[in-house]
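Engineer: Going down the list, the sequences are from chains A and B. The numbering of the first sequence is the numbering used here, which starts it at 1 and goes up by one. The numbering of the second sequence is the numbering used here, which starts it at 459 and goes up by one.
Just so you know, the hints here were simulated from the structure itself, not pulled from any lab data. Errors might be hidden in some of the hints.
Partial list, computed: chain B residues near chain A (C-beta under 7 Å) [as the list claims (entries may be wrong)]:
| hint | residue |
| --- | --- |
| 1 | A472 |
| 2 | A487 |
| 3 | F489 |
| 4 | Q496 |
| 5 | S514 |
| 6 | L517 |
| 7 | A523 |
| 8 | L524 |
One side of the interface only, derived from the structure: several residues of chain A facing chain B at Cβ under 8 Å [to be verified]:
| hint | residue |
| --- | --- |
| 9 | D7 |
| 10 | A13 |
| 11 | Q431 |
Just so it is clear, CB atoms sit at the ideal spot from N, CA and C, and this is done for glycine as well.
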Amino acid sequence: MVFPTLDFVLFFAVVLALNGLVWRSAPWRKAMLIAASYTFYAAWDIRFCGLMAGVSAVAWLGGLNRSPIARAVSIAALIATLGVFKYFNFFMLTFAQLFSSLGLERDLQWASIILPVGISFYIFQAVSYVMDAHRGHIEPRRNPTDVFLYISFFPQLVAGPIVRAAHFLPQIDKPTAPDANARALAVALILMGLFKKMVVANYISVLLVDPAFALPDGQNTLTAIAATLGYAVQIYCDFSGYSDIAIGVALLLGYRFVRNFNQPYRADSLRNFWQRWHISLSTWIRDYLYIPLGGNRGGPRRQNVTVIVTMTLAGLWHGAGWNFLIWGFLHGAGIAAERGMRGAGIRLPRALAVLAVFTFVCLLWIPFRAADFAETTDFFTALVSFDGFAPVELSATVWGLIGIGLAMNWLPLSLLSTAEIALARLPASLQAAVLAVGIWLMFAAAQEGVAPFIYFQF
Amino acid sequence: MTDNARFSATLFAALAIAWLLSGDRFLDAVFEMMDLGQLDDIVIAGVVILEEGKASLGLPDIFSALRGAIHGALGL
């Protein structure tokens, strides 16, 4: 079940009503939200509910037992689970190729496994729960339903934001009934998220990005640049749109999530970009990977190695492939180079720094989007090829969508605040009417069919 | 009735209005929804009865008209 579908609209309408009915009883409220979350997840594949329950049980037990061995075992079990589901097929394919090269053809298709949607996100939450319990940042919960709800809560279940236990668990005990301001923010976020996903991201994908990447050697410089910009806009609108909807949906149920995107293409350094892009994952990587690997300890050389290793691992988390490895490594190397420049006292004017970071990030989206290394090199070749044999048509609609996507990164946030203030002044029934009419308009403007979110695959 | 209850009630009313003014869209969407196993037949039978009732009212399909206007104007 994905957000911009009638399935979800009906599902959420029922959950919102039930949430109001059981609001005063904590046990019933938790039970209802767990049942709703498992129903939401079962819509993909009911078998994966068992996996999510198992992950939640491991996190609950790992948090309860304070011994370092218990922590190590539970973290190892969680990471191993993630590793098996994410990389098993890659290793089987490698084995098949190895056998084939030795003249021993083996069909290992029978051994392939499906990647459960959202597994990375709920395992990351489970790991942070165990680590935070052992670090003393949270009091581990004796009641398993608290941990099961924390891991499975449906608004953030499949693509984040990655919610920290310290932030979420107190809200499980005492959620905040949405007031006029919270409802206004929720309505604004849900409508903005739907617009980003259903209109900007989906159309730019179909009209520009998918055809250009399907035939990279057919593109010329202009269409390749447009497709690169288009993908930068698409992934931002797709992913931040999902986060906006998730935050808005949670807010209507009485739960506050932290902001996950903050106009990332305005960043004036790569470090700043990662402080603005998928903030909950960036901070997770910082706290549970970068700092344990050494963080800012040691001299500049040691710090640079740590950041490059961290970013390379973050790249590999997206998938086992050279493209993701190169993407992560170059982001790490870029951050290390920035540190070197700062150390040498080299500072670019802000406008130039923003342009440089944006260009660097856009160019690195190419290997991230391309299917393999060959497609990546074809696409880079197209960037300097003046005569593509089958360039994608660059219509006014395509440029308009790119412009809207970029504008969302540049328009002052006070515009959103103005809309929120205006919405907050409306009575509750009118706020709901605005939401309903807005959703109706988005469905009318959208393409036929359901386009999954990009980050579901991770 | 609290503000949040009013909010939920309005959403349900809006959903009903959207259904009334959306032609066969909801029926199409129900057929595309996840397989509910044995429940499917009951759900679809119920939805078909509701759709027949709606058709007898002769309401306009405003959703399709709106969709055509938006797509035509924006070249989508």
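Engineer: Could you run down the list of hints and mark each one as holding or not?
Structural biologist: Here is what the structure says about each hint:
With a cut of 7 Å, the hint placing A472 (chain B) at the interface with chain A holds, because the nearest CB-to-CB distance is about 3 Å. Hint on A487 (chain B) holds. Least Cβ distance to chain A is approximately 4 Å, under the 7 Å limit. With a least beta-carbon distance of about 11 Å to chain A, the hint placing F489 (chain B) at the interface is violated under the 7 Å criterion. Interface restraint check: Q496 (chain B) against chain A, minimum CB-CB distance 15 Å, threshold 7 Å, status violated.
The interface hint given for S514 (chain B) is violated, since its Cβ lies 23 Å from the closest Cβ of chain A, which is over the 7 Å cut-off. Checking L517 (chain B) against chain A: minimum C-beta separation of about 15 Å lies over 7 Å; hint violated. Hint on A523 (chain B) is violated. Least Cβ distance to chain A is approximately 9 Å, over the 7 Å limit. Checking L524 (chain B) against chain A by beta carbon gives a least distance of about 5 Å; that is within 7 Å, so the hint holds.
Annotation: interface hint on D7 (chain A) holds; nearest CB of chain B at approximately 5 Å, less than 8 Å. Nearest Cβ of chain B to the Cβ of A13 (chain A): about 6 Å, under the 8 Å cut. The hint holds. Proximity of Q431 (chain A) to chain B holds as hinted, the smallest CB-CB distance being about 6 Å (cut-off 8 Å).
The structure shown violates the earlier hints numbered 3, 4, 5, 6 and 7.
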